[in-house]
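Chemist: Can you build the whole structure from these sequences, using the hints too?
Quick mapping for you: the protein sequence lines, in order, are chains B and E.
Using our numbering, the first residue of the first sequence is number 9, and each one after it goes up by one.
Using our numbering, the first residue of the second sequence is number 3, and each one after it goes up by one.
Accuracy of the hints is not assured; some may be wrong.
What the hints assert, rightly or not - Derived, one-sided and incomplete: chain E residues facing chain B with beta-carbon distance under 7 Å:
1) Pro10
2) Tyr12
3) Gly44
4) Leu45
5) Asn58
6) Ala100
7) Thr104
Unchecked claim - DSS-like cross-link-like pairs, simulated, lysine-lysine; straight-line CA separation at most 27 Å:
8) B:Lys57 with E:Lys3
9) B:Lys69 with E:Lys59
10) B:Lys57 with B:Lys108
By construction, these hints were calculated from the structure, which means they are not laboratory data.
Glycine included, each C-beta is placed from N, C-alpha and C at the ideal position.
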Amino acid sequence: AQSVTQPDIHITVSEGASLELRCNYSYGATPYLFWYVQSPGQGLQLLLKYFSGDTLVQGIKGFEAEFKRSQSSFNLRKPSVHWSDAAEYFCAVGPNRDDKIIFGKGTRLHILP
Amino acid sequence: KAGVTQTPRYLIKTRGQQVTLSCSPISGHRSVSWYQQTPGQGLQFLFEYFSETQRNKGNFPGRFSGRQFSNSRSEMNVSTLELGDSALYLCASSPQGARTDTQYFGPGTRLTVL
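Modeler: Structure follows, in structure tokens:
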């Protein structure tokens, strides 16, 4: 069955440090891949998405993600985090055989000053 | 363009009651999806409506229902509330459908069942 895993529930980095959030998926073909961010009290906002083509995808707010078929991964990166990046990040993959997008459980990012 | 709006933002109900939540999508978007978000289960898909028709449905009991109006506004209803229904209910709209489109989420309705 199709699935998506975010192995890290919490991650803490210092402001100005680099960031990588992991996302692994199980899918029969090349999936559609998304990263969303949720700030406290807010809905989700799309950071970036991959459908096909260049495997390095640029998103908003300085984020990027790389699709690695051989590793079934779509990790999110940012070279230098800002305090405002503290939020919860969701990886999503789909559509599955029920035509749905599946969301990971999320990674909560904490930023140290 | 105005974003996705959800009303009310907060609700407190007691077990056995029913509740109706409302979602107004971005203008021009024909697809509205509903999700339940809880700390334990994460984001779980409830259903998707497209042009007033339910296009897809998640694994929730029949107490959860929804509908979409001709102006694409959507409502979801939960009858006979249970404590476990306490959650953040998120609505998302997209131009053509949740399976591949970018989804634009509203801020959610926080439902507390006592």
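Chemist: Evaluate each hint against the coordinates.
Modeler: Structure-based check of all given hints:
1. The beta carbon of proline 10 of chain E comes no nearer than 14 Å to any beta carbon in chain B, farther than 7 Å, and the hint placing it at the interface is violated.
2. The interface hint given for tyrosine 12 of chain E is broken, as the beta carbon of that residue sits about 11 Å from the closest beta carbon of chain B, more than 7 Å.
3. Taking 7 Å as the C-beta contact cut-off toward chain B, the hint placing glycine 44 of chain E at the interface holds, the least distance being around 4 Å.
4. At its closest, the beta carbon of leucine 45 of chain E sits 4 Å from a beta carbon of chain B; the interface hint therefore holds under the 7 Å criterion.
5. Interface hint status for asparagine 58 of chain E: upheld, as the beta-carbon distance to the closest one in chain B is roughly 6 Å, under 7 Å.
6. The beta carbon of alanine 100 of chain E comes within 6 Å of a beta carbon in chain B, closer than 7 Å, and the hint placing it at the interface holds.
7. Hint status for threonine 104 of chain E relative to chain B: holds, with the closest Cβ pair at about 5 Å, below 7 Å.
8. Taking the CA atoms of lysine 57 of chain B and lysine 3 of chain E, the gap is near 22 Å; set against the 27 Å cutoff, the hint holds.
9. Taken as a hint, the lysine 69 of chain B and lysine 59 of chain E pair is broken in the structure, with Cα atoms around 33 Å apart against an allowance of 27 Å.
10. Between the alpha carbons of lysine 57 of chain B and lysine 108 of chain B the distance comes to roughly 16 Å, so the proposed pair stays at or under 27 Å and holds.
Checked against the numbered hints above, the structure breaks hints 1, 2, 9 and satisfies the rest.
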